Amino acid sequence: MVDKQTALDWYRQMVLIRRFEDKCAEGYAYAKIGGFLHLYNGQEAVAVGAIGALNDDDDIVTHYRDHGHAIARRLDTKALMAELYGKETGCSKGRGGSMHLADASKHFWGGYALVGAHLPLAVGMAMRHQYTGSSQVSMAIFGDGSTNNGGFHESLNMAAVYKLPVIFLIENNLYSMGVAIHRDSAIDDLHKRAIGYGIHGEAVDGMDPLAMYEATQRAAEHCRSGKGPVLLEAKTYRFRGHSMADPEYYRNKEEVEFWRQRDPITNWKKRLLDEGLATEDELKAIDESVEREMEEAVRFADESPDPALDTLCDYLYATPVENGDLCRQQQAEKPEYVR
Amino acid sequence: MATNVLMPKMGYDMTEGKILRWMKQEGDAVSKGEPIAEIQTDKVNIEIEAFAGGVLAKILHGADEDVAVGEVIGIIADPGEKVEAPAKAPSAGQALANKGSGLDMAQSGEGGEAVGLDVGAGNGAKANATVSTSTIEEPSMVKQANADAQRAAEGAQAPVRREGERVKASPLARKMAAGQGLDLAEVPGTGPGGRIVKRDVEGYKPVQKPAAFVPTAAVTEVPLTRMRQAIARRLSESKQTAPHFYVTKAIDMTEAVAFRAQVNQTLTGAQKVSFNDMVIKAVAKALKAYPAVNASWADDRIVQHDRINVGMAVALPEGLVVPVINDAYAKTLSQIAEDAKDLAARAKENRLRPDEFSGGTCTVSNLGMFDVESFTAIINPPESAILAVGSINKEAVVINDEVVVRSMMRITISSDHRVIDGALAAQFLGEVKRLLETPLLLVV
Amino acid sequence: MPVITYREALRQALREEMLRDDSVFILGEDIAYYGGSYGVTKGFVDEFGEKRIKDTPISETAIIGAATGAAMTGLRPIAEIMSFNFILQAMDQIVNHSAKIHYMFGGQFQAPMVIRTPAGWSQLSATHSQTLEPLFAYIPGLKVVMPSTPYDAKGLLKAAIRDNDPVLFIEHALIYATKGEVPEEDYVIPIGKSVVRRPGKDVTIVSFSRMALESVAAAEELAKEGIDCEIIDLRSLRPLDMGPVLESLKKTNRVVVAEEGWKSHGIGAEVSARIMEEGFDYLDAPVKRVAGIEIPDPYNKHLEYQAFPHKADVIKAVREVLK
Numbered sequence: 001m002v003d004k005q006t007a008l009d010w011y012r013q014m015v016l017i018r019r020f021e022d023k024c025a026e027g028y029a030y031a032k033i034g035g036f037l038h039l040y041n042g043q044e045a046v047a048v049g050a051i052g053a054l055n056d057d058d059d060i061v062t063h064y065r066d067h068g069h070a071i072a073r074r075l076d077t078k079a080l081m082a083e084l085y086g087k088e089t090g091c092s093k094g095r096g097g098s099m100h101l102a103d104a105s106k107h108f109w110g111g112y113a114l115v116g117a118h119l120p121l122a123v124g125m126a127m128r129h130q131y132t133g134s135s136q137v138s139m140a141i142f143g144d145g146s147t148n149n150g151g152f153h154e155s156l157n158m159a160a161v162y163k164l165p166v167i168f169l170i171e172n173n174l175y176s177m178g179v180a181i182h183r184d185s186a187i188d189d190l191h192k193r194a195i196g197y198g199i200h201g202e203a204v205d206g207m208d209p210l211a212m213y214e215a216t217q218r219a220a221e222h223c224r225s226g227k228g229p230v231l232l233e234a235k236t237y238r239f240r241g242h243s244m245a246d247p248e249y250y251r252n253k254e255e256v257e258f259w260r261q262r263d264p265i266t267n268w269k270k271r272l273l274d275e276g277l278a279t280e281d282e283l284k285a286i287d288e289s290v291e292r293e294m295e296e297a298v299r300f301a302d303e304s305p306d307p308a309l310d311t312l313c314d315y316l317y318a319t320p321v322e323n324g325d326l327c328r329q330q331q332a333e334k335p336e337y338v339r
Numbered sequence: 001m002a003t004n005v006l007m008p009k010m011g012y013d014m015t016e017g018k019i020l021r022w023m024k025q026e027g028d029a030v031s032k033g034e035p036i037a038e039i040q041t042d043k044v045n046i047e048i049e050a051f052a053g054g055v056l057a058k059i060l061h062g063a064d065e066d067v068a069v070g071e072v073i074g075i076i077a078d079p080g081e082k083v084e085a086p087a088k089a090p091s092a093g094q095a096l097a098n099k100g101s102g103l104d105m106a107q108s109g110e111g112g113e114a115v116g117l118d119v120g121a122g123n124g125a126k127a128n129a130t131v132s133t134s135t136i137e138e139p140s141m142v143k144q145a146n147a148d149a150q151r152a153a154e155g156a157q158a159p160v161r162r163e164g165e166r167v168k169a170s171p172l173a174r175k176m177a178a179g180q181g182l183d184l185a186e187v188p189g190t191g192p193g194g195r196i197v198k199r200d201v202e203g204y205k206p207v208q209k210p211a212a213f214v215p216t217a218a219v220t221e222v223p224l225t226r227m228r229q230a231i232a233r234r235l236s237e238s239k240q241t242a243p244h245f246y247v248t249k250a251i252d253m254t255e256a257v258a259f260r261a262q263v264n265q266t267l268t269g270a271q272k273v274s275f276n277d278m279v280i281k282a283v284a285k286a287l288k289a290y291p292a293v294n295a296s297w298a299d300d301r302i303v304q305h306d307r308i309n310v311g312m313a314v315a316l317p318e319g320l321v322v323p324v325i326n327d328a329y330a331k332t333l334s335q336i337a338e339d340a341k342d343l344a345a346r347a348k349e350n351r352l353r354p355d356e357f358s359g360g361t362c363t364v365s366n367l368g369m370f371d372v373e374s375f376t377a378i379i380n381p382p383e384s385a386i387l388a389v390g391s392i393n394k395e396a397v398v399i400n401d402e403v404v405v406r407s408m409m410r411i412t413i414s415s416d417h418r419v420i421d422g423a424l425a426a427q428f429l430g431e432v433k434r435l436l437e438t439p440l441l442l443v444v
Numbered sequence: 001m002p003v004i005t006y007r008e009a010l011r012q013a014l015r016e017e018m019l020r021d022d023s024v025f026i027l028g029e030d031i032a033y034y035g036g037s038y039g040v041t042k043g044f045v046d047e048f049g050e051k052r053i054k055d056t057p058i059s060e061t062a063i064i065g066a067a068t069g070a071a072m073t074g075l076r077p078i079a080e081i082m083s084f085n086f087i088l089q090a091m092d093q094i095v096n097h098s099a100k101i102h103y104m105f106g107g108q109f110q111a112p113m114v115i116r117t118p119a120g121w122s123q124l125s126a127t128h129s130q131t132l133e134p135l136f137a138y139i140p141g142l143k144v145v146m147p148s149t150p151y152d153a154k155g156l157l158k159a160a161i162r163d164n165d166p167v168l169f170i171e172h173a174l175i176y177a178t179k180g181e182v183p184e185e186d187y188v189i190p191i192g193k194s195v196v197r198r199p200g201k202d203v204t205i206v207s208f209s210r211m212a213l214e215s216v217a218a219a220e221e222l223a224k225e226g227i228d229c230e231i232i233d234l235r236s237l238r239p240l241d242m243g244p245v246l247e248s249l250k251k252t253n254r255v256v257v258a259e260e261g262w263k264s265h266g267i268g269a270e271v272s273a274r275i276m277e278e279g280f281d282y283l284d285a286p287v288k289r290v291a292g293i294e295i296p297d298p299y300n301k302h303l304e305y306q307a308f309p310h311k312a313d314v315i316k317a318v319r320e321v322l323k
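Residue numbers (the working numbering), protein chains in the order written: chain U, 1 to 339; chain G, 1 to 444; chain C, 1 to 323.
To be clear, the hints were calculated from the coordinates, so they are not data collected in a lab.
What you were told as hints is all true, and nothing was included just to trick you.
Below are the DMTMM-like pairs computed for lysine to aspartate or glutamate, each with C-alpha atoms no more than 25 Å apart in a straight line:
(1) G:Lys-239 x G:Glu-373
(2) C:Lys-193 x U:Asp-314
(3) G:Lys-249 x G:Glu-437
(4) G:Lys-205 x G:Glu-81
(5) G:Lys-175 x C:Glu-278
(6) C:Lys-193 x U:Asp-325
(7) C:Lys-311 x C:Asp-228
(8) G:Lys-175 x C:Glu-277
(9) C:Lys-323 x G:Glu-202
(10) U:Lys-163 x C:Asp-55
(11) G:Lys-288 x G:Glu-356
(12) U:Lys-163 x C:Glu-50
(13) U:Lys-78 x U:Glu-295
(14) U:Lys-163 x C:Asp-46
(15) U:Lys-334 x C:Glu-278
(16) G:Lys-205 x C:Asp-281
Here are some of the chain G residues that sit facing chain C, going by a computed Cβ distance under 10 Å:
(17) Thr-190
(18) Gly-191
(19) Arg-195
(20) Val-197
(21) Lys-198
(22) Arg-199
Being a predicted model, the structure only gives us computed values, none of them experimental.
Ideal Cβ placement from N, Cα and C applies to all residues, glycine included.
Construct the entire structure; sequences and hints are all you get.
Right under this line is the structure:
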């Protein structure tokens, strides 16, 4: 078990993620958040435990269900909510939205929207660490569906061949959107795919932050010592639908209820109380502080401005090219924009 | 297509008219609406205008000739068109009907302006005057890229284009033609499909250049001042757009002369009243009585102005300007006198403010100081009337069957017939006359 | 000044940049011990070692994705895609990641990487003979260059390696052996600049890569008949520099665009549209496009030769546009 401070910190983070996601659902219903919204309720222990085990300069790339990872990586909830609201003060300056949260200073290299496609990025980052002799590791977080995509195969194979320091973390929540795992994956225990690449694979209880933490620590150690990549499979579950408009025809209420019994927050809270690591009042105070933080985040997002229209063409090229920007010329030809 | 110029019927009882003078010579370019001759009827001398544009190809009756109404006195044709002696005259009505048929060549393509060559309203395939039965030939396709202008001159014939056919030209050729004031329809095309291309425009030698002006002796060119340009533009437009007609009255100014002398004994300086001031006041009061004259044509309606702002033409060395005496109706004679002097003085020094020469609703133009007996003025748009005031001279006049000596002055009002009819003009001018002939009415 | 081949010019650029900057490395299929399927990286692994000259599995997605990740974290990878045709396997990584990394995170990240790949054909059959540059010239956030001479190849490859954006550097198998003067000292050609390859006054030929060389040959023949062609080599397809093209158009008023790829929706279509938009009044004839016949490439050598455009096509097009 970890010390009290860490244990309470994990509690707070998980509660913060949970409340953040609930606030997002609300914001989406009020059309303040648009596009796609994939919420993390139920999977909090994976992000908190795994990312809690990484160093500050380890690199993380993740998929589109990335709010939990961003929060666990200590990105400011104000900047995150502002990004979801599309505001200029968002962590990606309103250019990315829910699926592309990022913060360079925290080695959080972004959420990505294409299933399985960001794994090679983690491979490349690990390639760089190996190239420079650094002890940093990179972690790619992705869902069970990604393991059926070509990007998964090519990434694991290449990482194994070069013995790159990558932790491949599967968040197996049993569904690829609306298709249950037994219908789209040749095997259910996805960590066993590691055998095909000659690397270490391990299943972890994704509802327990401590289990996630310890497994990730071991994996990171493995990578840092030059032994090559590791495949971790977090067995977890998402309480909400795939995204906002999901009526969840593909699973039944009993199953959801079964997993709600294993809610990581309730269970961690119980454990802290049982093991005398926290009092009800302390936990309640944390809950309240989270509420305040969320209110602050929503208010900040609400009050922040949209990016100015004339910044549309910013960030096209890192190296500018003379006459290279058709964007501004084309924008000048547009009829007047009416909100 | 040729258009006949006829001796017009300018009055129900007119049977013939005398050509006083031609304002254009044979071969001159003529624009639609432009005056081309002055004729004299029983009652009045009048300018007649061209009802078509082109070139005055033939003059059939010269100055001083008496010609019956309806007879052809001249022919307007397209440049280069051959005309024989008077064709069987289609009536004026038919000549008008012939316009607008076929291709409007001046507008072919994307609005190339045919500057300097007025081809008038579309009149179908122009070259057909000589080529009525020839077959349409495709210019021969070019094999070698290098024989540019030569080819254009040698191989090309006068362009034969069917009625309604779009002239094909490259964007470059269009631009070049527009810049030179060339009508693309005139230019033979040697590009694929008969397209007019750059070498065709470069090599083009017009068949006949209409001589707008043939300098026979040394000339002095006078550049146009802005004022001259403005006068030219505005008054041409006025004359061409507003159907002018003219009503003249002779006014007995004897009482006015005495009145003015008496009044000016007590007035001083700028307040001293001139005859023109009195005319302005009279006009203002008459406009009040006849608001239909204080109006403007607005295409789909007539706008009658509430204010009565009388413009006063002031001659300048470089032209003329018309400052406006606002609310002339409400001003006394001496106030009008002051305003008039001030405006005239500042006009001569070019110190008028823009609001001082705009907003007029009727204008008075006085050439009396040049000993002009009478004249007709051109309406100052967007007004509908202008009064031309002549000099005051002692004349022998019959009053009560006796010949007496009276001071007489003629005023001619030019009216826009869209807004003002003869009777109204006559009545309005009559009111002006009444006021001037009983000058005390000007101060009550 | 030394006269070297296009291939040698590429080798010089790669080697000089690797010596100049430790963060530059090369990865791709068979680029190390095989020396590259076109011999461009021959001997490099002996000089620089396996760390910097990496043979990869046949995994275009992972090659380009890893290059992107490595670039994001501070290295300057040069990924070789063995044949232009194979790049389709990596489209997602190129279009959805490398081109958008800088933009979609609000400028926080950049992907300074080069993807080198050769176009080319010679009875290689349909799936090994395509030239696909319009697909990439279409993508905002990418830079796409396609040099035709050894001088341009060296200068542009150096520029691409030093550029902080993803650059698709397209070579051509049939011109690796062409020769030209190349200075020994370091020089860079800016990305996004066309060049007047041959001045002339009668007609403008706009081209790039192999067809630029075919156009030069065409111009030499046409010169004997007194037709003086001005050739504009685009060099960069994105950004596209229309300046010299429009200047030339003002002089000649007639344009031929020559490319090797298929005509519909090709580079010529874009050049024509830009000419129409920006040089309409100078056109004395419609823009004439020379391109490949729109058919998958056949194996038979006569059919294949007919399907691709060559010098004779350019000559014919010039004659037609001058009518």
